[in-house]
Amino acid sequence: QQPVQSPQAVILREGEDAVINCSSSKALYSVHWYRQKHGEAPVFLMILLKGGEQKGHEKISASFNEKKQQSSLYLTASQLSYSGTYFCGTETGTYKYIFGTGTRLKVLA
Amino acid sequence: GAVVSQHPSWVICKSGTSVKIECRSLDFQATTMFWYRQFPKQSLMLMATSNEGSKATYEQGVEKDKFLINHASLTLSTLTVTSAHPEDSSFYICSAGQGTLEQYFGPGTRLTVT
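Protein chains in written order, with the working numbering: chain A, 354 to 462; chain B, 31 to 144.
If we strip away everything but chain A, and leave its shape as in the complex, we get (with noise of 0.2 Å):
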């Protein structure tokens, strides 16, 4: 099953904080973020693989939950490059990759 991520889609001005969540209904083995850009190919941002596991990157952190069942991108004082599609993408242990739903994130000046 497809992980479900919200919001579908969020405008934000520079600045300005977001969360992005990236819920299973199962326990996955991991889970990664990545951007993508209109026409371009996802970028990686970051895995995590334990439960209660947070990382940071930059002004871009991640987190994933005890069960392993939902994880959260957190974008903080957001800047016009941080414009795009964000994804989670998750394994579940039969070496199959699924992308969530996606979120749309907009920064305008």
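It is worth saying that the hints were derived from the structure and are not from the lab.
Being a predicted model, the structure only gives us computed values, none of them experimental.
Only true hints are included.
Computed Cβ-Cβ distance ranges for the label pairs, DEER-style:
hint	chain 1	residue 1	chain 2	residue 2	range
1	A	Glu393	B	Ile42	11 to 21 Å
2	A	Lys459	B	Phe58	33 to 43 Å
3	A	Lys390	B	Ile42	15 to 25 Å
4	B	Lys71	A	Leu461	18 to 28 Å
To give a feel for the contact side, a few chain A residues facing chain B, derived at Cβ under 7 Å:
hint	residue
5	Ala394
6	Pro395
7	Phe452
8	Thr454
9	Gly455
Positions of the beta carbon are idealized from the N, C-alpha and C atoms, including for glycine.
Add chain B to chain A, keeping to what the hints say.
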């Protein structure tokens, strides 16, 4: 490092013809390559998983006779769309990895079938 290339980046073909898309890992050996299809404003949908030297594993609903995948070496996988039709028009993306810890995506191939 970890660069994946795709060729061509954009192709237009007539209905009924076949198109081959190449995916290469340029600076590493990829034991597994994945092929995805993405329609406008939608998520990436896994089509098949390709392991070097063995038959590809196709996802449910993906016709293996229509989407031929060959993974002849650790650096090259090809996807051939046979007898393409307008509904096959899409953005095709490959990724390569040595496990599922991280995947490296190619730049994608935009296919338009007229």
